[in-house]
Amino acid sequence: MVKAGHPEPSTVCHPARSERSERICHPERSERSERSRRTRDRIEAMYRILDDVPDPEMPFVSITDLGIVRDVRLDGDTVVVALTPTYSGCPATQVIQGDVVRTLREHGAKDVRVGVRIAPPWSTDWITERGHERLRAAGIAPPAPHARCPRCGSGSVRELSRFGATPCKALYRCNACDEPFEYVKPF
Amino acid sequence: MPAEYPLRFGDNALVLAQRLCAWVGHAPVMEEDVALANVALDLFGQARLWLSYAGELEARGRDEDALTFHRDAREFCNVLLVEHENGDFADTTARSYFYDLWASLALGELTRSGDERIAAIAQKALKEVRYHLRRSQDWLIRLGDGTPESHARMQRAADGLWRFTGELFIGDRLDDEMAANGTGFAPERLRDPWLERVHEAFSAATLTVPAGTWTQRGGKQGVHTEALGYMLAEMQVLPRAMPEARW
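The listed protein sequences derive, respectively, from chains A and B. When we follow my numbering, the leftmost residue of the first sequence carries the number 2, and every step to the right adds one. When we follow my numbering, the leftmost residue of the second sequence carries the number 85, and every step to the right adds one.
In case anyone wonders, no lab produced these hints; they're calculated from the structure. Just to be clear, a hint being listed does not mean it is correct.
Footprint (simulated), chain A over chain B, 3 or more residues, beta carbon under 8 Å [what the hints assert, rightly or not]:
no., segment
1, 127 to 133
2, 193 to 207
3, 210 to 221
Some chain B residues judged to face chain A by a derived CB distance under 8 Å, without partners named [unchecked claim]:
no., residue
4, Ala111
5, Glu115
6, Val118
7, Asn122
From the three backbone atoms N, C-alpha and C, an ideal C-beta is built for every residue, glycine too.
Please put together the full structure from these sequences, using the hints given.
Printed below as a string of structure tokens:
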């Protein structure tokens, strides 16, 4: 199962020691590695910013929680962001594009270019652990091999409607506590 | 690649989506009101992907909106099955089932297309269409194997639409060309797998598979039934009346 989010920053055991010896022996190489570390830091910072961009339909989860942000990179001074729409007809995609541009600009990006990438197609496998937690906390059952009631945790549930208020959700009812809840369909 | 190829798949999705929307507010139960709207929304999204690609290939400055709202019936290349009126819930179910089953097979072929964009759109659409097929098949079986009235209506619906299903499996010169160069598939190849599944589902639904072999055709060539004209008139009237209008 591919977990979404962003790539882990690379870890070096003794950055200070290796950088020192780099600077002494290879000044150009140290300059390059310094630049690429700054680039990585900037990209990392932008992922942090996007972590706070809420999904317009479900504002308690962010677009990175849902695995909608596929890539962030720098092209000179332009920030290039690749998004993947969840369902083909999802009306939130266009709103999210606008939100991404506006938010990154507000945080100092001079130029932002957002592209939509439809392949590989979005999967609920890309929803992060944090996304799962936030969905559950909001009373929505996250995708799972078997739906569980987000209120009482029971696995004894029944489907009321395979389609819900948004294309990604179905409507269920818990047989144990009798409360209805929405369920993000495995996709 | 000719723009017409992705346009055909886009028009199928677009026309069926527009038909399904007419059920919103009128479905027999609330869950179906939501379900039909969701299926239509998926189809509109797929249509946007196909039509945008077609517009780019055509390179005449027509985008998805221009293609949707400013083409006349003669320029649409959807199959006749999807433009058929909604009728009652059984008619709509039969139309959806026949189409969803075909689409799942056709999109399966297109995921292997040599054209990257077509393969990507097909891969995305296939996931959604599989959900659509589960729904329409479940209803086919529920209504067929239901009350005497639901059974009679479902049988009549299947009998009525049968003569529009043959067109799904007739290839023309463009199909041959696309199949030969690895971009598309030969529609005839889907006939047997489609029929096999129809027989299975109809058997579970206690319905009789209609026997006719004659098929109405012409949709892919722009020769449509009068039903499409009325549907397009309603769909297109506003943007055509106010072409400069913006949200």
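Given Asn122(B) as an interface hint, is the shortest Cβ-Cβ distance to chain A below 8 Å? holds, 4 Å
Report holds or violated for chain A covering the segment 193 to 207 of chain B, Cβ cut-off 8 Å, minimum 3 residues. n = 5 at 8 Å, threshold three: holds.
Under the criterion of a CB-CB separation shorter than 8 Å, is Ala111(B) in contact with chain A as hinted? Violated, about 11 Å.
Check of the segment 210 to 221 of chain B against chain A for coverage (Cβ-Cβ below 8 Å, three residues minimum): Our answer is that it holds, as 5 residues pass the Cβ test (under 8 Å) against chain A, meeting three.
Hint check: is the beta carbon of Glu115(B) less than 8 Å from a beta carbon of chain A? Interface hint status for Glu115(B): holds (4 Å vs cutoff 8 Å).
Restraint outcome when Val118(B) is required to lie within 8 Å of chain A by C-beta distance: Interface hint status for Val118(B): holds (5 Å vs cutoff 8 Å).
Please verify the coverage claim for the segment 127 to 133 of chain B: does it have three or more residues whose C-beta sits within 8 Å of some C-beta in chain A? holds (count 6)
Violated hints amount to a single one, hint 4; each of the other numbered hints is respected by the structure.
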